[in-house]
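The whole structure should be built from the sequences, with the hints applied where relevant.
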Amino acid sequence: MIMKRISFTTYIRLFFGTIFLFSCTDQKIKIEKMNTRHLVDTVGFTQYNRQFDSIIQRIDPEDKKPSKKVFKAAICPHDDYAYAAGLYSKTLSGIKAKTIILIGVAHKARKFDLENKLVFGSFDLWKCNDDVIPVSPIRDELLKQLPKDIFIVHDSMMQLEHSLEAINPFLKRNIKDLEIIPVLVPYMTYEKMDAYAGQLAAAVYKIMKEKNLKYGEDLAVVISNDAIHYGNTEWGGSDLAPFGVDSTGIAKAKQKDLKIIEECLKGKITDEKIKKFNTYTVDTNNFKKYRWTWCGRYSVPFGLLFANKLNILIDEQPLTGTFLGYRSSYPGDHIEVKDLGMGTTAPATHSHWVSYAGIGYQ
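Its first residue numbered 210, the sequence shown is counted upward by one per residue in this note's numbering.
Heads up, some of the hints might be wrong.
Said to hold, decoys possible - Each pair of labels, with its calculated beta carbon distance range:
id	residue 1	residue 2	range
1	T245	K317	33 to 39 Å
2	T493	K420	38 to 44 Å
3	R259	L467	33 to 39 Å
Unchecked claim - For lysine-lysine, the following DSS-like pairs were computed, each having C-alpha atoms within a straight-line distance of at most 27 Å:
id	residue 1	residue 2
4	K385	K336
5	K307	K277
6	K420	K307
7	K498	K484
8	K307	K320
9	K497	K273
10	K485	K307
11	K353	K465
12	K357	K418
13	K320	K305
14	K274	K307
15	K305	K475
16	K336	K307
17	K274	K385
18	K385	K418
19	K461	K482
20	K277	K475
21	K423	K475
22	K484	K326
23	K320	K498
24	K385	K305
25	K418	K465
26	K381	K277
27	K307	K484
28	K465	K305
29	K381	K357
30	K385	K307
31	K477	K415
32	K418	K381
33	K326	K498
34	K326	K273
35	K401	K547
Keep in mind that the hints were calculated from the coordinates and are not lab data.
Ideal Cβ placement from N, Cα and C applies to all residues, glycine included.
Next up, the structure:
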């Protein structure tokens with residue numbers, strides 16, 4: 210038997226190729242053993258990179274322009290990409306930090322009887338299309354520092370909630386080495402929100418000082434929210450159209466949304482403005498009831514209280530909000546998604562629609 214001689218160059222290539230193969234295999238095994246939060250909505254949002262790449266291509270060029278601004282915080286929608294992908298892109302272009310504290314809605318809080326506690330998870334990774342996003346180790350540091358009675362670790366709630374996974378692909382597209390700290394805000398009184406926001410801000414501030422992290426550049430806050438949910442059909446039997454569903458009623462509903470944004474969420478942020486938002490959206494006699502149907506009726510005030518208190522600790526001044534856009538599923542310019550194997554999770558008609566706000570804070 211004649212053995213073929215292998216050149217030194219070929220040997221080196223085989224050697225390092227084998228090392229690379231085993232390295233990749235080992236990395237895959239490590240990831241598979243980690244506690245991963247999987248996607249819950251694969252209809253309204255993407256589950257593959259090729260889908261997301263196509264969504265980005267179909268977004269209006271104006272919404273894809275890079276932002277020179279560096280936001281410390283932002284309010285971003287979480288509805289179907291067919292309806293709101295452009296505003297996601299425009300809003301999140303100003304978020305550039307590696308570590309993002311995600312403040313989300315807890316739509317299924319009633320299912321788990323959750324109220325008056327912040328909700329964290331124990332997941333190590335979050336699935337994001339074909340990839341994964343690591344949860345920042347800062348989360349576990351925070352859980353050691355925060356009072357035990359203000360939070361709960363609840364993976365079932367975190368797994369069912371869709372309001373944060375919607376945002377992740379846009380962040381991952383813009384931010385190299387992205388890591389996240391997901392937090393959900395269930396039913397909560399304003400007093401609890403204010404107190405917990407102060408405690409979370411103090412804990413984050415301490416860690417940022419220890420690690421020499423800069424607000425906006427190294428760590429930022431993204432608050433998930435959809436604005437008014439309006440109409441009189443397909444809302445589980447509820448009539449959510451106090452102004453009616455004709456063109457006049459729809460215009461009045463949007464005018465009220467814009468009034469809330471103008472009075473509460475834009476310009477210099479104060480506790481008074483945030484409290485006013487809470488008064489607009491939550492029944493003063495029952496904190497679990499809507500007064501104006503924004504699903505971010507808890508995530509927005511808590512998120513802003515927290516982000517603003519953190520800025521005051523760091524810079525001794527409040528945040529200032531810049532209005533980036535207001536849109537709705539009806540009427541609206543929709544992105545075609547059916548050919549991508551996607552769809553919509555709710556109708557967009559005069560009798561059933563949702564609106565969205567994009568706001569950045571510096």
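- Message: Hint compliance check: list the failing hint numbers for this structure, sorted ascending.
- Response: Going through the list in order, the structure violates hints 1, 8, 9, 10, 11, 13, 25, 27, 28, 29, 34 and 35 and respects the others.
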